[in-house]
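For reference, the chains in residue letters:
Protein chains: 2
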Amino acid sequence: MNKSIQLKSNFNEKQIQILEVAETLFAEKGFDGTSIRNIAKVAKINVAMVSYYFGSKERLLESLIVYRTSDLKNQLDNLLQEDLEPIDKINKLIELYINRINSNRGIYRILHFEFTSKKREQNLQAFSELKKGNLKSLETIIEEGQKKGIFRKDVIIPLITPTILGTFFHFHMNKPFFENLLNLKTEDLYNNYIKTNLTKHIQQTIKALLIYES
Amino acid sequence: MNKSIQLKSNFNEKQIQILEVAETLFAEKGFDGTSIRNIAKVAKINVAMVSYYFGSKERLLESLIVYRTSDLKNQLDNLLQEDLEPIDKINKLIELYINRINSNRGIYRILHFEFTSKKREQNLQAFSELKKGNLKSLETIIEEGQKKGIFRKDVIIPLITPTILGTFFHFHMNKPFFENLLNLKTEDLYNNYIKTNLTKHIQQTIKALLIYES
DNA sequence: ATAAAAACTAAACAGTTGTTTGAATTAAAC
DNA sequence: GTTTAATTCAAACAACTGTTTAGTTTTTAT
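First to last, the sequence lines map onto chains A and B.
Under full-length UniProt numbering, the first residue of the first sequence carries the number 1, and numbering increases by one thereafter.
Under full-length UniProt numbering, the first residue of the second sequence carries the number 1, and numbering increases by one thereafter.
Honestly, the hints are just simulated from the structure, not real lab data.
Keep in mind that a hint or two might mislead.
Copies of one chain are not kept apart here, so a pair can be met inside one copy or by any two copies together.
What the hints assert, rightly or not - In silico DSS-like links for lysine-lysine, alpha-carbon gap of 25 Å or less:
1. K153 to K195
2. K153 to K29
3. K132 to K175
4. K147 to K92
5. K175 to K136
Input sequences plus hints: build the corresponding full structure.
Okay, here's the thing in structure tokens:
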């Protein structure tokens, strides 16, 4: 059996079954807060299967990241090649980010939570490359807008991603607080608020920051 | 030695010693990732002392939050009463937030990490009240600016805090990435970047979002 | 100096942790 | 149909978890 990290998503059904349960539990209770026995119970498999298929709990996490983040780059490249005004590209990029993170909440929560501490820095490499690529795409769009004289030139481009993603994450990480504050009683209301108001707020913010007013 | 400093909190020296070690370790490795024996070893105390002084590991966390967040409200109230233009108040508020979080990274990292999962919702009450108070202060300032015709009226006020704090957190949570990207080789350079560029970026962003342009 | 209270300790408790083992079952190859 | 390989399993492993206990030392009050 192949216990090494698999770069493409050539996971078999059993592995995917384990990965998806792990995603749910890691997202819910954190990596350290989730035990292999817990995963095994929910996935209805034997405890030994995690070691058998992935080698270790740590490598299960690595595999999960590969499994979930392999196609973001393509989506971004497609966006770049569309024939749109820079500001519309930015708006679409924000929408893409939020949609993607919102419909893959589990893995992004895990990434957000687990990949900050020093102890997982060795696994950070692939994730870091992904982030650099994303930044490059954003940079391309903004420089295009600056050349056209539409965008200001005194913005710090690498800090725009933190504003986009940070706003979303901070909102989402404080879900119970905002559910209560904004009366979003059902999951549907909450999701709808993200899709409309939160997305609009972020777009409005980034636009205000970028657009040059004479 | 200097007992006059701890006028407010009713924790004794030993408790504070434990709390500060716990803060460091919880921030570094998370609540679940830190064991009582680990805390005891670093704090050079017996394992039983945590139970003795705080009752349980969970209650140690609660005490830590009380110990670290008890004086934020006063700082905000003082700011509100200053005689400043709304936009200057906003800028000062952003500076206050960032300074405070930045010099209490440990506890805010813990709050950020531990108080999102459902399982700690019972401890969430006090923290939630603190956040609501903070939002009220921000609201007061913004409404003042709107009355004066300086601020736009179509901004969603509860989403401004996520933009301020989210930007900072996302930057700080991805510290290794940005250290590398922006060549912030020393801790001093990193801190300086936060104090100048990141703070300015956030102020610039919020100003752009708020200021009404005819 | 003596008694009561507080602080501290090593050891034990009962669970849980990630991982490995060796045998049993199933599937694939011949 | 037999052999070989892949999969699954219960059980065991040693290490670690939060907490309690019962006894000792230190501090405080009288």
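Hint check, failures only: 2
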